[in-house]
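S.K.: Sequence:
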Amino acid sequence: MHPVQKDGAAAPFRPPWLMGALLRLMGPQPPPSRVTFTPPLVTYVAAVATVAALLTGRWMTAPTDVVGVTLVSAAILAMSLTSTQIGSVRMSVSATSFLHLGLAITSGPFGVLAASLAEAAAVAVRFRSGWFRSVFNLSNSLVCGLAAWAAYHALLTLGGPVPVRTALAGVGAGAAHYVINYGLITGVLTLATGRHFLDHVRAALSAAPYHLMYGYAAVSFVVLRDDFGPWGFTFALAPVAALQINLIILARRSAAHERERAAQNEALRTSERSFRVLFESNPHPMWVVDATSLRIIAVNDAAVAEYGYSSEEFLDSRLADITESTGVEHGWNPASEPDVRRLLQRHRLRGGNVIDVEVSSHATEFEGRRAVLVLAQDITERIRLEEQLRDQALHDPLTRLANRLLLQDRIEHALVRQRRSANPFALLLLDLDNFKTVNDSLGHAAGDHLLVAVAGRLKSCLRGSDSAARLGGDEFAILLEEVTGPEHAASVAERLVEALRMPFTVEQREIFLGVSIGVAMGDSTRQSADEMLRDADLAMYAAKAQGRSRHVVFSPRMREAALDRVALEHDLRRSVNAGDLHLVYQPQIDLETDETVGVEALVRWRHPVHGNVPPDRFIPLAEEAGLIGALDAWVLETACAQIKAWREAGAGGLHVAVNLSGSEFEDGALVDRIADVLERHRLAPSDLELEITERVAVQQERSARETLDRLRAMGVRIAIDDFGTGYSMLASLRQFPGDKLKVDKSFVQEIVDGQDRAPLVAAIVAMGHGLGLEVIAEGVETEEQLIALRRLGCDGAQGYLLGRPTEAREIEERVLAERAAVRAAV
Numbered sequence: 001m002h003p004v005q006k007d008g009a010a011a012p013f014r015p016p017w018l019m020g021a022l023l024r025l026m027g028p029q030p031p032p033s034r035v036t037f038t039p040p041l042v043t044y045v046a047a048v049a050t051v052a053a054l055l056t057g058r059w060m061t062a063p064t065d066v067v068g069v070t071l072v073s074a075a076i077l078a079m080s081l082t083s084t085q086i087g088s089v090r091m092s093v094s095a096t097s098f099l100h101l102g103l104a105i106t107s108g109p110f111g112v113l114a115a116s117l118a119e120a121a122a123v124a125v126r127f128r129s130g131w132f133r134s135v136f137n138l139s140n141s142l143v144c145g146l147a148a149w150a151a152y153h154a155l156l157t158l159g160g161p162v163p164v165r166t167a168l169a170g171v172g173a174g175a176a177h178y179v180i181n182y183g184l185i186t187g188v189l190t191l192a193t194g195r196h197f198l199d200h201v202r203a204a205l206s207a208a209p210y211h212l213m214y215g216y217a218a219v220s221f222v223v224l225r226d227d228f229g230p231w232g233f234t235f236a237l238a239p240v241a242a243l244q245i246n247l248i249i250l251a252r253r254s255a256a257h258e259r260e261r262a263a264q265n266e267a268l269r270t271s272e273r274s275f276r277v278l279f280e281s282n283p284h285p286m287w288v289v290d291a292t293s294l295r296i297i298a299v300n301d302a303a304v305a306e307y308g309y310s311s312e313e314f315l316d317s318r319l320a321d322i323t324e325s326t327g328v329e330h331g332w333n334p335a336s337e338p339d340v341r342r343l344l345q346r347h348r349l350r351g352g353n354v355i356d357v358e359v360s361s362h363a364t365e366f367e368g369r370r371a372v373l374v375l376a377q378d379i380t381e382r383i384r385l386e387e388q389l390r391d392q393a394l395h396d397p398l399t400r401l402a403n404r405l406l407l408q409d410r411i412e413h414a415l416v417r418q419r420r421s422a423n424p425f426a427l428l429l430l431d432l433d434n435f436k437t438v439n440d441s442l443g444h445a446a447g448d449h450l451l452v453a454v455a456g457r458l459k460s461c462l463r464g465s466d467s468a469a470r471l472g473g474d475e476f477a478i479l480l481e482e483v484t485g486p487e488h489a490a491s492v493a494e495r496l497v498e499a500l501r502m503p504f505t506v507e508q509r510e511i512f513l514g515v516s517i518g519v520a521m522g523d524s525t526r527q528s529a530d531e532m533l534r535d536a537d538l539a540m541y542a543a544k545a546q547g548r549s550r551h552v553v554f555s556p557r558m559r560e561a562a563l564d565r566v567a568l569e570h571d572l573r574r575s576v577n578a579g580d581l582h583l584v585y586q587p588q589i590d591l592e593t594d595e596t597v598g599v600e601a602l603v604r605w606r607h608p609v610h611g612n613v614p615p616d617r618f619i620p621l622a623e624e625a626g627l628i629g630a631l632d633a634w635v636l637e638t639a640c641a642q643i644k645a646w647r648e649a650g651a652g653g654l655h656v657a658v659n660l661s662g663s664e665f666e667d668g669a670l671v672d673r674i675a676d677v678l679e680r681h682r683l684a685p686s687d688l689e690l691e692i693t694e695r696v697a698v699q700q701e702r703s704a705r706e707t708l709d710r711l712r713a714m715g716v717r718i719a720i721d722d723f724g725t726g727y728s729m730l731a732s733l734r735q736f737p738g739d740k741l742k743v744d745k746s747f748v749q750e751i752v753d754g755q756d757r758a759p760l761v762a763a764i765v766a767m768g769h770g771l772g773l774e775v776i777a778e779g780v781e782t783e784e785q786l787i788a789l790r791r792l793g794c795d796g797a798q799g800y801l802l803g804r805p806t807e808a809r810e811i812e813e814r815v816l817a818e819r820a821a822v823r824a825a826v
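In this text, residue positions in the sequence shown follow my numbering: the first is 1, and each later residue adds one.
Warning: the hint list may mix true and false statements.
[To be verified] No farther apart than 20 Å at their CA atoms in a straight line, the calculated lysine to any residue pairs in the SDA-like style are these:
#1 K644 to R417
#2 K544 to D616
#3 K544 to M502
#4 K459 to S549
#5 K544 to V506
#6 K745 to P614
#7 K544 to R501
#8 K436 to I619
#9 K436 to V506
#10 K436 to F512
#11 K745 to Y800
#12 K745 to P615
#13 K459 to L405
If you're looking for bench data, these hints aren't it; they were derived computationally from the structure.
Given the sequences, and given the hints that come with them, work out the whole structure.
M.R.: Here is the structure:
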């Protein structure tokens, strides 16, 4: 057993040529190292050498087996050149220890001297030791060998069976050799390296089992020597070789383990270098946080640049120091979370600004300690865009009021609160009166400005706890929180009616609007927002039906009426498709000749259960249900077929006036459909007169204007119905491609009622004639009205006085009778 020499000598040992050859065969050797010769170290080595010299001189005897000693010494020399280091122990172990013990036991001091010289020479050659170390190694070997020899013979004198005493003596010799050898080596290493004594003791303990084994095996020398004489040492080499081979195998495994660990360490260093590169070059702020103290132990350049803090400031703090308090997340401990976690935080920059970040953490090791890698990505802009999209999804883009989706959510929350506290609330549904007329006459841009102004006025009338919403078009809603009852909600609704009655200024024009409001109370009978909206809608339509610009509070009767309306709509749809409707005709009289010159076709519906349904009830229903197109087509077809039938019966020469919905004129295919109907019934275009409202007559929609122009060019007669009740302007009427004005019956009835409407009717007649239009009065019911109309210059009239709406057969008989009377008068 000898120390691995790694601290070099001042004067390197130069081996003779034979040993040099052996070294070259063994491959590259470690270079000589240096040692510091301190006084304690020199004194220590001198003391060991003195003890070795004294013991050798005292116990040396004449050799008894020169040949055996020579062979074993040669073996020691050869084996010492290939001694094996186990693991990371700074001592080497070889079978020379076994041979050294064998010579000590069998050959006494002379054998010890021979073995020590051989081993010291091998160590000097192998490790290029200087004279100082060579002296120590020789002295150490002498002392250890002599101690082993003395221990062996001392233990043999004990009582007991010879085999037992011999075995114990061998083990004792090995123990003495081990303790003294490593005791002396530990002392010199402590003085030479300055390391603590116990560090070397721990390293020496790993070789103890081998020394005990070698001491026990050395006893075999005694037996082999007694049985085989001088050649006993030679036969003993076989088990020694086996032990040495076992050590070599163990050493190779140990070396392979060391290489594997070295490779792992290198891979770890490579990984750390790669981590450093990625860490420093990452464009996002990153920190390495100690898993125990949570202090930042590394920070990359991106964090320094984006946050404005220096590296030193970061390294003296925790991430919590720059995190805005957001509840649990502020005290987030990344080390206690799963391996990877993401969360949202708000971080404070050096300048005081706060940014939203998405933080992700990953458990790792950094410089040999548990750590957490933290990455922060600035998502301030993303959150802003998400909030903007969320706002757009929940608010009306024009008025910035809540939209239907947000209103429904607030109603649902109000219903939940009402169930808990029993405090009622109210929903007001508002529909602007006459907004469509304003929008059509002034344009959509003006209409948008008006809607924004309405929204602002509504908000000014509400409390902070109330909510205003726009549901689309000209429909708004108000959610009133914490009302005392229906009377409270009704008073708010009336205040809103009065507020919206005040004029609005749009594009330097004063605009007057009204509003119809339906009120639904939120109580235990309502289960959802849809029910609230449905009932408020029913109340709002009831307000419109009662004359507009008013409010109506919902009652269960309205729901029943709505159900009846749904059933009526279903029946109307079936009747339109099945042809269950029929037409009646009201005569139109020429006031100059008193002859019937035309008729107005009026649709009637005789319901199998409800009887005759008034037109002012089922026609709006048809418009709302989308049936008006089919209804208009049926009326047009039936009226034209009747004109043909009258002509074939000898009652020809009449024209038929048909009312069409305003939406029909926006359909470019209307002209082709009318032309097809006229062609199939072989009618002239002048046999058909289309009655339109003032709104259609003056609207600036290009498609409707083009349709009217094409119909007029084709020869179809165009009449403005109910003239005087709308918002037509003279400039618009001048461009109207029509043939006739029909004075509304409200003017006719007031001609002789003391309200002095005669000048107004006279002005209408004069204006119509000035525009080249025929003027006909509606709703003539008395002789006085008829006389007044003749005096004012009206061209024609129709009304109950001149003929009620009647069946086609009666019109035919009337026309035939008139013509017979004319022929008789001639």
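S.K.: State for each hint whether it applies.
M.R.: Tested hints:
A hinted pair counts as satisfied when its Cα atoms are at most 20 Å apart, and K644 with R417 does not qualify at roughly 68 Å. Between the alpha carbons of K544 and D616 the distance comes to roughly 14 Å, so the proposed pair stays at or under 20 Å and holds. Taking the CA atoms of K544 and M502, the gap is about 19 Å. The hint holds against a cut of 20 Å. A distance of roughly 19 Å separates the Cα atoms of K459 and S549; the hinted pair therefore holds under the 20 Å criterion.
Between the alpha carbons of K544 and V506 the distance comes to roughly 25 Å, so the proposed pair goes past 20 Å and is violated. Under the criterion of a C-alpha separation no larger than 20 Å, the hint pairing K745 with P614 is consistent with the structure, at around 18 Å. A C-alpha spacing of about 15 Å is found between K544 and R501, which places the hinted pair at or below 20 Å, so the restraint holds. With a C-alpha separation of about 19 Å, the suggested pair K436 and I619 falls inside the 20 Å cut-off, and the hint holds.
Restraint check for K436 and V506: the C-alpha separation of about 15 Å stays at or below 20 Å, so the hint holds. Between K436 and F512 the alpha-carbon distance is near 12 Å, which keeps this suggested pair within the 20 Å criterion. Taking the CA atoms of K745 and Y800, the gap is near 11 Å; set against the 20 Å cutoff, the hint holds. Restraint check for K745 and P615: the C-alpha separation of about 17 Å stays at or below 20 Å, so the hint holds.
At roughly 19 Å between alpha-carbon atoms, K459 and L405 fall within 20 Å of each other, so this suggested pair holds.
Hints 1, 5 from the list above are not met by this structure, while the remaining hints are.
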